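For the sequence shown, my numbering assigns the number 1 to the initial residue and increments by one for each residue that follows.
No lab work stands behind these hints, which were simulated from the structure alone. As the structure is a computational prediction, the values presented were derived from the model and not from experiment. Hints should not be assumed to be uniformly reliable.
What follows is a set of in silico ranges between Cβ atoms, one per label pair, in the way DEER data are often shown [claimed, not checked]: (1) Pro128 x Gly9: 37 to 45 Å; (2) Ile22 x Pro145: 37 to 45 Å; (3) Ala51 x Arg98: 32 to 40 Å.
From the three backbone atoms N, C-alpha and C, an ideal C-beta is built for every residue, glycine too.
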Amino acid sequence: MPIVLSTVGVTFGLNGPTLPSILSELDGVEPIDRSSMNAFEDQAFRRAVEAAGRRRLIIGGLHTEICLTFASVQALKDGYDVMYVTDAVGGRSQTAHRTAIERLAHAGAVPTTALAVVTELFRDWATPLAGPAREVIDWYFNEVPKLTDAVGVAEAEKLAAADQKGQ
Numbered sequence: 001m002p003i004v005l006s007t008v009g010v011t012f013g014l015n016g017p018t019l020p021s022i023l024s025e026l027d028g029v030e031p032i033d034r035s036s037m038n039a040f041e042d043q044a045f046r047r048a049v050e051a052a053g054r055r056r057l058i059i060g061g062l063h064t065e066i067c068l069t070f071a072s073v074q075a076l077k078d079g080y081d082v083m084y085v086t087d088a089v090g091g092r093s094q095t096a097h098r099t100a101i102e103r104l105a106h107a108g109a110v111p112t113t114a115l116a117v118v119t120e121l122f123r124d125w126a127t128p129l130a131g132p133a134r135e136v137i138d139w140y141f142n143e144v145p146k147l148t149d150a151v152g153v154a155e156a157e158k159l160a161a162a163d164q165k166g167q
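Generate coordinates for the entire structure from the input sequences, incorporating the hints supplied.
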């Protein structure tokens, strides 16, 4: 799956670079540092998305109401199908987050979660991708409840993930 990674304002000292733990999982992917709030207004970002040759995009962002919303709305206007990951994004407030989600829905973007993206990509427990997917799913069930109680993880799923971690 092609990945386009961008940062905003790192060269201006406004934000920090992508975390090394994230970059280590994205072998060969170089972040595109941009100055614009809307990633699609940055020509290097736009060219990278076009070069990927996909019409369906999965978009995440640091601030729901800015990074995620601006890029998603622009991508929709440009004719892309857009899914956005709602549990991987934040914002300064729940009101701003909810308002951005409503704006995206009205524009035609489809909400999803990190867990749904993983399972949609591997789709079948009998495929070779199921092993790596299981690692991500178990990590998700262990880590997400530490960060938020807004993402529902059933107690049985937490226990299964803890069992996997202990093996």
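Each hint, compared with the structure:
no. : hint                       : result
1   : Pro128 x Gly9: 37 to 45 Å  : holds (39 Å)
2   : Ile22 x Pro145: 37 to 45 Å : violated (20 Å)
3   : Ala51 x Arg98: 32 to 40 Å  : holds (34 Å)
Violated hint for the displayed structure: number 2, the only one.
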